[in-house]
Structures are given as structure tokens and as C-alpha cells.
Amino acid sequence: MNFTSYEFIVFFGLVLLVMGCLRNFSLQKWFLLAASCAFYLTWNVPCLALILFTAVTDFFLARKISTTPEPGPRQRLLVTSLVLNLGLLAFFKYANFILDNIAAVLGLVGCHVGPWHLNIILPPAISFYTFASLSYMLDVYYERMPACESVRDYTLFITFFPKLLSGPIVRARELLPQFQTRPTVTTEDVEVGLTYFMMGAVKKLVIADQVAPHVNLIFTNPGQYDGFTLALGALGYAIQIYCDFSGYTDMAIGCGRVMGFRFPDNFKMPYSSGNITEFWRRWHITLSQWFRDYLFLPLEIITRNNPSPMLRVSINMMITMLLCGLWHGASWTFVIWGGIHGAALSIHKIWTVKNPLAALQPYRWFQLLWGGFSHVLTLGVVVLGLVFFRAQSITDAMVFLKRTFTWAHGGTHLVSPYILAAVAGLFLVHVVLQKDRNFAEELPKMSLLPRIIGYASLLLLLVVLGATDSSTFIYFQF
Amino acid sequence: MKRSIQLVLVLIAATAIAAAGSHGVASWLKVKTQAAEPFTIGKSTGNPPAFLAASSVGGYGIVWDQIAGQLDTQIKTWGIAGGSPIEFEQFQKQIPEARTTFIVISTYDLDEARPCDFRAAIVPLGQAVESLQAEHADWSYSKQVLSQYPMTWLRTLFPTLGRSRGLMGAALINIKDMVKRSPASSQSMAGPVIKFGKGPSEDEYTKQKLSDWPSSQVVGKLVAMRVDFQGAHNFDGAKKLALERMLQFANQHGRALLVVMPISSAYTKEFISPELVKKFEAALQEVEHSSPQTDLVRLDQVPGLGDDQNFCDLVHMNLTGQKLATDALQAQLKQVAHQP
Numbered sequence: 031m032n033f034t035s036y037e038f039i040v041f042f043g044l045v046l047l048v049m050g051c052l053r054n055f056s057l058q059k060w061f062l063l064a065a066s067c068a069f070y071l072t073w074n075v076p077c078l079a080l081i082l083f084t085a086v087t088d089f090f091l092a093r094k095i096s097t098t099p100e101p102g103p104r105q106r107l108l109v110t111s112l113v114l115n116l117g118l119l120a121f122f123k124y125a126n127f128i129l130d131n132i133a134a135v136l137g138l139v140g141c142h143v144g145p146w147h148l149n150i151i152l153p154p155a156i157s158f159y160t161f162a163s164l165s166y167m168l169d170v171y172y173e174r175m176p177a178c179e180s181v182r183d184y185t186l187f188i189t190f191f192p193k194l195l196s197g198p199i200v201r202a203r204e205l206l207p208q209f210q211t212r213p214t215v216t217t218e219d220v221e222v223g224l225t226y227f228m229m230g231a232v233k234k235l236v237i238a239d240q241v242a243p244h245v246n247l248i249f250t251n252p253g254q255y256d257g258f259t260l261a262l263g264a265l266g267y268a269i270q271i272y273c274d275f276s277g278y279t280d281m282a283i284g285c286g287r288v289m290g291f292r293f294p295d296n297f298k299m300p301y302s303s304g305n306i307t308e309f310w311r312r313w314h315i316t317l318s319q320w321f322r323d324y325l326f327l328p329l330e331i332i333t334r335n336n337p338s339p340m341l342r343v344s345i346n347m348m349i350t351m352l353l354c355g356l357w358h359g360a361s362w363t364f365v366i367w368g369g370i371h372g373a374a375l376s377i378h379k380i381w382t383v384k385n386p387l388a389a390l391q392p393y394r395w396f397q398l399l400w401g402g403f404s405h406v407l408t409l410g411v412v413v414l415g416l417v418f419f420r421a422q423s424i425t426d427a428m429v430f431l432k433r434t435f436t437w438a439h440g441g442t443h444l445v446s447p448y449i450l451a452a453v454a455g456l457f458l459v460h461v462v463l464q465k466d467r468n469f470a471e472e473l474p475k476m477s478l479l480p481r482i483i484g485y486a487s488l489l490l491l492l493v494v495l496g497a498t499d500s501s502t503f504i505y506f507q508f
Numbered sequence: 013m014k015r016s017i018q019l020v021l022v023l024i025a026a027t028a029i030a031a032a033g034s035h036g037v038a039s040w041l042k043v044k045t046q047a048a049e050p051f052t053i054g055k056s057t058g059n060p061p062a063f064l065a066a067s068s069v070g071g072y073g074i075v076w077d078q079i080a081g082q083l084d085t086q087i088k089t090w091g092i093a094g095g096s097p098i099e100f101e102q103f104q105k106q107i108p109e110a111r112t113t114f115i116v117i118s119t120y121d122l123d124e125a126r127p128c129d130f131r132a133a134i135v136p137l138g139q140a141v142e143s144l145q146a147e148h149a150d151w152s153y154s155k156q157v158l159s160q161y162p163m164t165w166l167r168t169l170f171p172t173l174g175r176s177r178g179l180m181g182a183a184l185i186n187i188k189d190m191v192k193r194s195p196a197s198s199q200s201m202a203g204p205v206i207k208f209g210k211g212p213s214e215d216e217y218t219k220q221k222l223s224d225w226p227s228s229q230v231v232g233k234l235v236a237m238r239v240d241f242q243g244a245h246n247f248d249g250a251k252k253l254a255l256e257r258m259l260q261f262a263n264q265h266g267r268a269l270l271v272v273m274p275i276s277s278a279y280t281k282e283f284i285s286p287e288l289v290k291k292f293e294a295a296l297q298e299v300e301h302s303s304p305q306t307d308l309v310r311l312d313q314v315p316g317l318g319d320d321q322n323f324c325d326l327v328h329m330n331l332t333g334q335k336l337a338t339d340a341l342q343a344q345l346k347q348v349a350h351q352p
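Chains as they are written, first to last, in the numbering used here: chain A, 31 to 508; chain B, 13 to 352.
Among the clues, some could well be false.
Heads up, simulated DMTMM-like pairs for lysine to aspartate or glutamate below, C-alpha to C-alpha not over 25 Å straight-line [what the hints assert, rightly or not]:
1) B/Lys14 / A/Glu179
2) B/Lys14 / A/Asp466
3) B/Lys14 / A/Asp169
With the C-beta cut set under 7 Å, the calculated list includes, among others, these residues of chain B facing chain A [stated by the list, open to error]:
4) Val22
5) Ile29
6) Ala30
7) Gly33
8) His35
9) Phe170
10) Thr172
11) Leu173
12) Ser227
13) Ser228
14) Val231
15) Val235
16) Val239
Rather than coming from a laboratory, the hints here were simulated on the basis of the structure.
The C-beta atom is built at its ideal place from N, Cα and C for all residues, glycine as well.
Generate coordinates for the entire structure from the input sequences, incorporating the hints supplied.
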């Protein structure tokens, strides 16, 4: 059930109706849990057992950790949880990837083994709920939060339908306290929620779904197109994935808000970033913060005695980003994407420390010139990474890049007006709008006229330019 | 004013403005909102009329005036953009006096992956549900069919809803006209317009040859078509069932001619695999089996007719193709007339 489908509108309407009728908060939570399970069932029936198993197991392990004072047993309980969570993730998501690579390595040493392939289905949202559960276990272990006392609340936290399939990756310490007391839903909350939802729908249906057919075509057979078309395809994909994913999370935040629950923002106009570090503070924020808090910082602590801080940070960043790439999917193209970002982050870190142009910083002309250059460079690195992220294989990505950088003239010249319009529109939005503003929060606080104009514009965009045959959100595959 | 009342007023005002805007855009871009437009082809001769069920593929492929002249009768039909037997079935019963019925199909028309945009406006909801039950349709297909109904209702308020691709194409043409490019060039981009009974179509669009298109234009059109497809290609669904019912009705009241039109080789190469061709043939055999009296006219098997030089786009014939196809149909009609 997609957020942009008729079924979801009916489903969500029913959820709100029943929630409104139920006066008891405990009953509301039971109902939300049932609704979340029903929502998950529409994606996959057998995998519901897996998500419930993860939730219930982690709930009891965390309770046990919180009541165990001795460090040894506490550590063993944590390790049990980590092995269980990561083991399930590894099995369901990476088993075939691992087997393929073992077979390839054995082939290199002359030991040819037949292709191994396990017929495994990828449980929807496994990457997202595993990370949510892991953060809870680690927070309880490090006593950053108390263990949840209700198995229903914890299972609801894991399965809560608005954020279940593609995040935002809400931490337990952000959402569980909201399940303690009945949320007060004000009219402003409803309006903010609706605004988030409409903005997300515009991003998804008006932009992402309209450029998707051309982008998909170009990436399916990059050797067939000329350099210009491929460059346009890469830019188109940058727009598609941003509008698709941020559109989803906007709708998730909107749904939660209408019910009185608040989720953290996941995107803040990332393509307006002046450097790659800033990009990661604006792109998939909840994931980058997760990797920072639960992987990068612990790595920094473990390697704090390394004599070269710059080398230490660079290596830790690279490890973090490589694993971040692998989190997205079991393919070397994702690992390369992570590697490109890891390298870019490390280079930026070194640059900020040993900036050879620091003496020019006070000059206005330099600030303008450098600002423009760093924006273009950041965008260039992001788009370069996305070519690997989207390509079906490393070979395809290399063909894509070779033909783009050599500005190949042979091949089909496809000028997609949809991609051109989307690039122009998004560029204009990023230039005109102040990048730290949040219009979904601001619009409902404005006076009547700007609100009417704002909502009418969003609605008009949807009914004139919105795609009706909405495709599945890109991040559902992760 | 109470905040909740304020919100309701804001939403009502925003909806009203968006609805006005949607009507404005539909009017500017001349969006077709009428589901079916009646046409009468040929002069009244006093003979019982013939009924024609054909989408733009059949409309562009044959000069129906000539057919009406040959049969010495009027032909009554309805222009339905993207129409298929499901929609035409609703109109067939309106002229029970018809003694000859032409039903024109192709691998494009009979494909279940390409639902008519006006189906919900023509076929009553109850009948659509019955039809889905009869063919044991899966949830995905049922959802695709049934979701057209709320959209049709919403289109009263927002006529542009669900028509974004066509609107963007039309807007592009209007903008090009505004910046004073040759009207002929934009007319050739505009796409087919159903106009039965006006003689051979001689607009800029039908003078084109698909074989002259640059590869990028072909690719662009194929992408647009791919987007319009919903679900897998299939010829064994509601359209086929409706076709069988139409043929049975026609044969009970007179004679039925099932005309199978060719589709361009570019389209066939991209979308209709050899396996799908087999499925199409199997569907035709079943249709023939259910109505053995039907006269089958296979224009798709006329040598060379499916060549890209006979098409003005991926599915519609140009003037050359139209002439060839009309001649072939007339020859077949003569043969049929001589049969006992």
C-alpha cells in the first residue's frame, strides 16, 4: 500500500476515524499496532512474523539488560541482540551477495563452483526496522534511555506504519516517550500534517514519477545514448531520488503529525549544500546521524590513540561510508557509492584543516567565486556517486561515465523536457528559497491569504501535473 | 475565528481556486472531457445503418466514407479516445437496427495493459464489478479498473486529474505556437484527433511517416507509451469478453465483421513479443470459436501494411497506409459479399 494510492487514503481515513472514536489511549495504541500490522501485511504476509519476532526479542533482551547490573552478562545480552539483528539482516539481505562473491573469489584461484543462489525474499523495511531496534538496544545498554516497559509500545515503535517502510529512522528515545501519554492533536498539527503530506505528494507525483520513465530508460542501456543525454539522465536521477525519498518522508511525517506524533526531519534542501559534509547534514539526516552515533563515533573512541588524527578520521569516515553504502543494498555499486562519499568527506575534512586558500577568505570576490565553485563541486560529487547508486552494474556505470565525460556524440540524443523542467524548477527553488526554512511548518502559521494561495498551488500542481500511476518508492527496495 | 473553522474555510477556498485553475488549464489546452462523441458516416440511403466500433487506430486506418459508399448505407459510430470493446459495447445496443457491425481491433486496442481513459465514464460501476467477477480478475487489475471511478467523479471538479502527460505535451505545443514556430510543425506533434466521416484525414499529422522520425523521437514516444501501460500485456481479459459479447449480439442481428488492424513494426518490436503475438492469436481463435459466423478481416496480415512508412506514429496509419488498408478492406468486403 503506497502512500499515494487510493487504498492508503481509505486506510488512513479509517485509522483516523477509529482513533477519534476510541477514548482510551491504551486501546488507541492496540489499534495502531493492529493497523500497522495490517499495513505491513499488504506488502508481505510471512515477513510480519519476522518483524514481530525482532521487536519482541529485542524488547525482552533490553529489559534483561536494564535489570542486569554486571557488565559481563550485560555485554553478552547486547552481543546476542546484535548477532540476532545483524544476522537476520545479513541472511535476508546479503546471503546471495556473499555467496556470489565467495564463488567469484574461488573462481579466481581456479576453483570453479556452480552459481549458488538461495531463494530468499527480502522482507520489506528490514534495513530500517533493524537499525531502529539496534539503536534502542545500544541506547539501553549505554543507559542513554530506560528500557521500555510495555511490549505493545515497543512493538508499535518498531512497526508504526507511517515510518515503517522507508523511515525516517526514528530513535526509540524520540518516539517511545510519545507513546507514554495521549498526544494532544491541535488543529495546527492537522494543518502542518496536511501540508507535509501535500508537499510530499507533489515531490513524488509531480516531479519524481514524471522524470522516472526517462531516467529509467537512460540507465537501462547507457551505451545507447550520447553524452548530453547521459548527463541529463544523471541529473534527472539526482532529482528523482531526492523527490521520491524526501517526498515519502514528508508524507510519513505528515501522517504522524495528523495523529499527534512528531518525527524528525529527514531532508533539508540537500542540493543547496556548499560542501559534502553539509550535504550529509541535509540528506537522509536520520540515517547519517545513526551512522555517526552508532558507528563513526564509537570507531573514533576505539582508535583515539592513533598518532595521526587526520588519518584516523579519514579511515573511520571511509569505513562508515562503505558500510552506509552496503546498507543500501547488496551490490558493489552501492559500496563504490559509499566509497566516493567516504573519500569526499575525508578530503573535505583535510581541506578544512589545511586550507591553502584560507588567506583569501576575507575577500568578498573570493567568497562568491569559491561559494559557486564549492556548490558545483559538491553537486558533481553527489551526481557522480548517484551514477553508481543507480547503475545496474559497475560495467554499466563505467560506460555511463566514460560516455558522459568524453561527451560521446554517437548514440541517441534524447532531450527529455520533463528532466529539463525538473532540473530548472529545482534549481530555481534552491536558489530562491532560504535553505534552512521549513515551509511545511511555516505555512500553517501564516495569515489566511498566503495559506489559501499555498494550498491552492499545491493542489493545482497535483491535479494538473501529478502522475496517477504512481510507482513504488525507490527506498522501499532497501 | 476558531482555528478549526479557519482551516475548513482555507481548504474550501484552496479547493475552489484549484478547481477553477484546473478548468482553466483544461480549457486552454482543449482537454477532451467528453467521453464519447457520436458520428454518422455516409449519406442516408434508407437501408438499415451499420455500426462501427473502432478507436482512433481504426478511425485513422480506414476511410469509412468509402466503406459506407460501398455498402450503400450509413455507418453510425462513437468516437472514444482509446476505446475498446468494453466501451463500445455500451453503444452497440443503442442501434439494434444495425444489420452490419464492424469491430476494429489490434494488438494495441485489445491489450488489457492499456485501459481507456473514459471507461468509468461510459461503463456503469455495477457492470464493471460484474465483469471483473466474471473474468476472475486479480486485485491489481481490479484496483486499476475500479480506481477510475473515483477519478471520474473527481474530474467534475478537476478535469485535468490523471491527464498530466497529455497536458504537458499539449502545453509544449501551445508554447511552441506562442513563440511563433511553424504551426505545421506543432500540428504534426499534436497527435491524432478522432474525426470519422470527414473523408481521408489530410492534416499535417497524417502526412508524416514514422520511418522518417529521428530515433530520439521514437524513443520519446515509446517512453510515453510505456508510462501509460498499466500492468502486464494481456489479451485474455475483460476486453476479449466484451468483444465476444459484441460479436454474439451483432451476429444475432445481422452480420459481424471483425477487422484486425496492423500496428507499426516499431511498436510491435518494443512491446509485442513473439509470445504475446501467440497469445493474441489464441485470443482471436477463442473469439472466432465463440462466434463462428463472424467474418474475420486480417489487415494485419496484408504484406507490407505494417511497415513503418505506412504509419504517422507508433499506432496510427498515415495517408499512404490508410489508402492501402481501405483498398484491402474493400477487396475483402467484395469477397465476403460473394460468399453464400
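Violating hint indices (sorted, rising): When the structure is compared with the hints, numbers 1, 2, 3, 8 turn out to be violated.
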